[in-house]
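Chains as they are written, first to last, in this note's numbering: chain L, 1 to 216; chain Z, 1 to 216.
Among these hints, one or two may not hold up.
Said to hold, decoys possible - Computed footprint of chain Z on chain L; a stretch qualifies when at least three of its residues, placed anywhere within it, have a C-beta under 8 Å from a C-beta of chain Z:
#	stretch
1	46-57
2	122-131
3	184-196
Stated by the list, open to error - Facing chain L, from chain Z, some residues (calculated, C-beta under 10 Å):
#	residue
4	VAL160
5	GLU177
6	GLY194
I should point out that these hints are in silico values taken from the structure, not numbers from a laboratory.
Heads up, the beta-carbon is just placed ideally off N, CA and C, and yes, glycines get one too.
So the chains spell out like this:
Protein chains: 2
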Amino acid sequence: MPETSKPLRADAERNRRLVLDAAAAAFAEHGLEVGVAEIARRAGVGRGTMFRRFPTKEHLIAAIVVDRMDQAGARGRELFADPNPDAALFELLASMVDAAQTDRALFEAVGDTFLANADIRVAHAELIGVLDQLLRRAQDAGTVRDDVGALDLLMMFKGVCEAARPFSVDVAARQLELVRAALRPVAASERLSGRPPTLDDMERALPQVKGKASAQ
Amino acid sequence: MPETSKPLRADAERNRRLVLDAAAAAFAEHGLEVGVAEIARRAGVGRGTMFRRFPTKEHLIAAIVVDRMDQAGARGRELFADPNPDAALFELLASMVDAAQTDRALFEAVGDTFLANADIRVAHAELIGVLDQLLRRAQDAGTVRDDVGALDLLMMFKGVCEAARPFSVDVAARQLELVRAALRPVAASERLSGRPPTLDDMERALPQVKGKASAQ
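Based on the sequences and whatever the hints tell you, model everything.
Here it is in structure tokens:
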């Protein structure tokens, strides 16, 4: 039924969007304790649809995390066109701080085990790829030291996200400025030791969820 | 009984030390699932003594975290005598990375709610005080930018601790070098926005454990 499959897909995609937005809003408002049935109600979708698509709250949380990573990746790709590679890199990072502020609980819920979820792993690797390209552009332009890799940056960025709380001072802005300072070009004598970590290094270092991980 | 109270205290302190060391070793080896009874057995102390002192595993974990903070504070105070304030500051940070590597699970277990525990809060504030003094010494010597505070540094340091895992590259060393780069003195035009966060800012921003927090 090629005539109907497209509208159906569009409808399913619309429902999916409604659910993810309702869930993100509910979680931000009331924490992760909000039930899946309550989220279905808020999204205005049937419980059957809801539970077929997201059998558990973990599925829902993972889907929002993937969505956020996809959004950051899309923003990063737009920034490839920015004539100022340095501004582009830090604009992506700033938007990721904002996302961390809104979705802190979600990312914490996924935590260290995120690489055990295949969808998150793919979205994460794509986002790293985008970040890597923005970083290289700034490095080629000579505004960022050329001995850091995307994962070095991402780890440093944890401090920024840690600061992305409702502090009474804008601690996150200060942290981002410090990251920027750390990334300034340096003399040969001040280059980092070793080599930048890779995604493979990261996958080996992070804990795997038993069962799930080995099933993939 | 003033004659016996001192040896008794020394004995209690020795038992406490045995328990904390046994617990830290057991947790590092087998994770936080190890039971309190098993730790008593390893420490060679009676279960009665153990449960009187540490009624739950949470008490034990908090005591180890306090112990680690005290150790870092003591190391920091020794470093006040170091003639090179810059080396002293980064030596304390490096020792804290090592501790984070060994005791990652413990600090994660305490997590965001650590300020709800009065003992941890005191140990944390004291450690911040020591870090602040080492930072100021390096700032006075002109080797570290004077617009960062101890809590800016501690947040940046989260990235370093995040990297303190068994990666196949020494990511933690790279992160520490990046923190060092971020702390280099800067021109007036590159000073951080706002003011350094304070412990009060931090206490207001971190989630409190319900009940426990209000009882203090």
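*Confirm or reject the coverage of the stretch 184-196 of chain L by chain Z under the rule of 3 or more residues with a beta carbon closer than 8 Å to the chain's beta carbons.*
holds (count 8)
*Does VAL160/Z pass the interface check with chain L, least Cβ-Cβ distance below 10 Å?*
holds, 8 Å
*Within the assertion that chain Z covers the stretch 122-131 of chain L, do at least three residues meet a Cβ-to-Cβ distance smaller than 8 Å?*
violated (count 0)
*Coverage assertion for the stretch 46-57 of chain L with respect to chain Z, Cβ distance below 8 Å, three residues required*: Answer violated; 0 residues pass the 8 Å Cβ test.
*Quick one, is the GLU177/Z hint okay against chain L at 10 Å, beta carbons?*
With a minimum Cβ separation of about 5 Å from chain L (threshold 10 Å), the hint on GLU177/Z holds.
_Can you verify the interface hint for GLY194/Z: is its Cβ closer than 10 Å to any Cβ in chain L?_
Holds, because the Cβ-Cβ distance from GLY194/Z to chain L comes to roughly 5 Å (cut-off 10 Å).
In summary, the structure is inconsistent with hints 1 and 2 from the numbered list given earlier, while agreeing with the others.
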